[in-house]
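K.L.:
In order, the protein sequence lines correspond to chains A and B.
The first sequence begins at 1 in the working numbering and counts up one residue at a time.
The second sequence begins at 288 in the working numbering and counts up one residue at a time.
To be clear, the hints were calculated from the coordinates, so they are not data collected in a lab.
Take the hints with a grain of salt, since some may be wrong.
[To be verified] Calculated cross-link-like contacts (lysine to aspartate or glutamate; reagent style DMTMM-like; alpha-carbon spacing at most 20 Å): (1) Lys428/B with Glu398/B; (2) Lys420/B with Asp180/A; (3) Lys420/B with Asp285/A.
As a plain string of letters, each chain reads:
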Amino acid sequence: MDLTLWLGQSLAALAHRPDGVLAVAETVPALVDPVAAGPLQVGDWEFVAANADYLLGGTVLTVLLTVTSLVLGFLLGFPAGAIEVYGDGVLRTLVRKFGVVLRGTPIIVIMIFTYYVLPIEVPINAIVAVLTAVDAALGPTPFTVPTSVPDTFMAATLALGFRSAAYQSQIFRGALESIDEGQLAAARSIGMSRLEGIRHVVVPQALRRSVPGFQNEFTIVLKDTSIAFAIGLAELLKRSHDLFLQQTTAVLEIVLFMSLIYFVLTFAVNRTLDYGSSYFAIPGDSS
Amino acid sequence: MTAPRTDDGDGRTADERRGDGDERTGSPSSATAATDPLLRVENLHKSYGAEEVLRGVSLEIDRGDVEVLVGPSGSGKSTLLQCLNCLTEIDSGHIYLGDTEVTASDTDPNEIRQQIGMVFQDINLFAHLTARKNITLGLRKVRGMSADAARERADSELDRVGLADQADSYPAQLSGGQKQRVGIARALAMDPEVMLFDEPTSALDPELSNEVLTVMDELVDEGMTMVVVTHEMRFARGAASGITFLADGQIVERGPPERLFENPSHERTAQFFENISHDHD
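Only chain A is shown next, with the shape it has when bound in the complex:
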């Protein structure tokens, strides 16, 4: 099959490069021509099944990375969107320019930057310090506080999180701007400050309207976690690649299985958000 051959050769080519960032394989396995071996062989599926737990381990990391990236993206992106709508002066200009740069840069470049250029131990130490402080404040809990965070995971979270913030800020900006100005005027007319009006009247409506855009963003971030492969984070794609290096005839089976996992994740979360969206929908509102 052409597709099998192409995938096999491309992945093999990546693994062969000794100088590049993508050179992750330490030993180069003997290449078997996937065409000669034939696609979708029972033995290859058995290989996938035998290593399913290894892939699911990568899936857990993928989900974790998606969550941390989206949370960071929300924490930065929501205020950024609000600043773009309601802010003024230097802050607004800065937020806009930062967003333009982030949206205009390929994710792999951002990730290479956060991994190789940023002093990554600074945010790692900060996170560990915060977690330790929270743990101390909470007293004994059933959870163990991590004493360190893998630098690949931190770099991937920062890259995906900042990029997602840039996109989420536009989702929220659009949603905030779509709320009629009269809503804020009405809130102020009963004695609310501008900030109270935005918080209690505009934001609750804007968040509802941002769900479709957010579903999109979720799907994109989930799938783009695979870029962390480039800095060697053992998420789903990296582990799939590891398996392929062990049994090169199984590349199509591995890729299909991996894609199925991505699909199930995106499908399940999109359906959940659909449900949440209709649950929180304003009764009688057609928009």
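With the hints as your guide, set chain B onto chain A.
P.N.:
Showing chain B alone in chain A's frame:
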């Protein structure tokens, strides 16, 4: 005062009609009973860019008065209301509510807005909240009322506008007239000294307008001080204690409804009422 003001006996008939709620009803013939005006506007100027929307407007409205503002579109009626409610910043001039100067720099506009209720042309109910919660939101967040007290107050305001059975409906589930009545109830719940109405019925069908006008008539009967921008001349004739005719950002003429309708001093005023009556025929 840039505009002529006619303080004759006609103004007082409105007070009599409003009944016992008003402190001045004791002796309608006594000219000295009137206290300081509740709302006083002095030489108000407001521009949007190069366009001067209000060009020196002065106005005095006594407690219990129902002042109807009329005038062609673009005359500055809505802007005047927004200035009164501090929703728009003024360029120069002074506005007083009782003894408080609304326009003073140390006056908290949020405090003023609680005392001045506003009803909007496009209604502006909070779309994500039920009728009841539209009313409780301000009571809870601005007044700091408990949930139970706010709910009780909201229900009594809804009952006042005849919508007790719609407390749990969302704005999108209500008719235009019902929505506007909730809008009125929302403003009344804050116990305002003055109620401003910015063309409250112009977005509604005539049939739906009537239910809103009925509620407004009841407010008049209760002695509420009101400033109303409207083209509903039936309401103006029946309820207004004074009519102010604005054109090009200035008050052209001001007086009791009978005189302005029957015998306006200015050609411009006569022309306007002529046009309006044709529209409504």
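K.L.:
Work down the list of hints and note, for each, if the structure agrees.
P.N.:
Do the hints match the structure? See the list:
1. Of the supplied pair hints, the one linking Lys428/B and Glu398/B holds, its CA atoms being roughly 13 Å apart against a limit of 20 Å.
2. About 19 Å separates the Cα atoms of Lys420/B and Asp180/A, which keeps this hinted pair within 20 Å; it holds.
3. Using a Cα cut-off of 20 Å, the hinted pair Lys420/B and Asp285/A holds, with the two alpha carbons roughly 16 Å apart.
Of the hints listed earlier, there is not a single one the structure fails to meet.
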